[in-house]
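Engineer: Sequence:
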Amino acid sequence: MHRFKDLEIWRLSRNFCSDIYETTSSFPESERFGLTNQLRRASVSVPSNIAEGCSRKSNRDFSRFLEIAMGSMYEIETQLLISNDLNFIQTKKLNSLLQKLDSIIKMTSKFKSTLK
Numbered sequence: 001m002h003r004f005k006d007l008e009i010w011r012l013s014r015n016f017c018s019d020i021y022e023t024t025s026s027f028p029e030s031e032r033f034g035l036t037n038q039l040r041r042a043s044v045s046v047p048s049n050i051a052e053g054c055s056r057k058s059n060r061d062f063s064r065f066l067e068i069a070m071g072s073m074y075e076i077e078t079q080l081l082i083s084n085d086l087n088f089i090q091t092k093k094l095n096s097l098l099q100k101l102d103s104i105i106k107m108t109s110k111f112k113s114t115l116k
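Residue 98 in the UniProt record's numbering sits at position 98 of the sequence shown; the count goes up by one each step and never skips.
Hints listed in this document are in silico derivations from the structure and should not be mistaken for laboratory results.
Some clues are possibly wrong.
As the list claims (entries may be wrong) - Okay, the calculated beta carbon distance ranges per label pair:
#	residue 1	residue 2	range
1	Ile82	Lys116	33 to 39 Å
2	Thr91	Ser25	15 to 21 Å
3	Asp61	Pro28	36 to 42 Å
4	Ile68	Leu98	16 to 22 Å
What the hints assert, rightly or not - The calculated SDA-like cross-link candidates involving lysine to any residue, where the alpha carbons are at most 25 Å apart (straight line), are:
#	residue 1	residue 2
5	Lys100	Arg14
6	Lys116	Ile105
7	Lys112	Glu29
8	Lys57	Asn37
9	Lys57	Ser113
10	Lys5	Gln99
What you are looking at is a predicted structure, and each value in this text was computed from that prediction instead of being measured.
Glycine residues also receive a C-beta, built at the ideal position from the N, C-alpha and C atoms.
With these hints in hand, go ahead and build the complete structure from the sequences.
Structural biologist: Have a look at this one:
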């Protein structure tokens with residue numbers, strides 16, 4: 001078992017979740033149950049799945065939870081791009097978020113490859 005609080009990917013994804021909450025707070029009220037909710041739920045899912053995976057007894061099980069977290073990351077990427085298409089976030093903010101997300105994706109992928 002791993003200690004999730006010691007994992008850099010967990011810390012970064014938790015901070016990224018806060019970035020998503022801050023970003024979506026300026027979305028239109030009409031999106032409260034749309035993109036705002038989707039982005040927030042997906043962003044919470046990432047560190048949550050990393051933490052849950054840490055509780056598993058085998059690396060194979062942990063790896064599966066990392067796959068789920070990565071799926072949420074790609075979901076976030078798509079939703080951020082759509083949010084930009086709809087002018088809910090500026091391109092500069094989008095690029096900053098995508099850069100952070102890309103870093104978390106790469107770190108998670110690399111970490112996952114060490115669990116084999």
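Engineer: With 16 to 22 Å as the target window, see if Ile68 and Leu98 comply at their CB atoms.
Structural biologist: Holds, at about 21 Å.
Engineer: Do the beta carbons of Thr91 and Ser25 sit within 15 to 21 Å of each other?
Structural biologist: 19 Å, holds
Engineer: Using the Cβ atoms, figure out if Ile82 sits within 33 to 39 Å of Lys116.
Structural biologist: Holds: the Cβ-Cβ distance is about 34 Å, inside 33 to 39 Å.
Engineer: Between the alpha carbons of Lys100 and Arg14, is the straight-line distance 25 Å or under?
Structural biologist: Roughly 12 Å between the alpha carbons, so the hint for Lys100 and Arg14 holds.
Engineer: Run the distance test for Lys57 versus Asn37: straight-line Cα separation, threshold 25 Å.
Structural biologist: 32 Å, violated
Engineer: Does the alpha-carbon distance linking Lys5 and Gln99 stay inside the 25 Å limit?
Structural biologist: 23 Å, holds
Engineer: Under the criterion that the straight-line Cα-Cα distance not exceed 25 Å, is the pair Lys57, Ser113 satisfied?
Structural biologist: 17 Å, holds
Engineer: Is Lys112 close enough to Glu29, meaning Cα to Cα at most 25 Å?
Structural biologist: Violated. Lys112 to Glu29 sits at ~38 Å, over the 25 Å cutoff.
Engineer: Range first: 36 to 42 Å. Now tell me if the beta carbons of Asp61 and Pro28 are that far apart.
Structural biologist: Since the Cβ atoms of Asp61 and Pro28 sit about 40 Å apart, the hinted range of 36 to 42 Å holds.
Engineer: Hinted pair, alpha-carbon criterion (25 Å max): Lys116, Ile105. Please report holds or violated.
Structural biologist: 18 Å, holds
Checked against the numbered hints given earlier, this structure breaks hints 7, 8; the rest are met.
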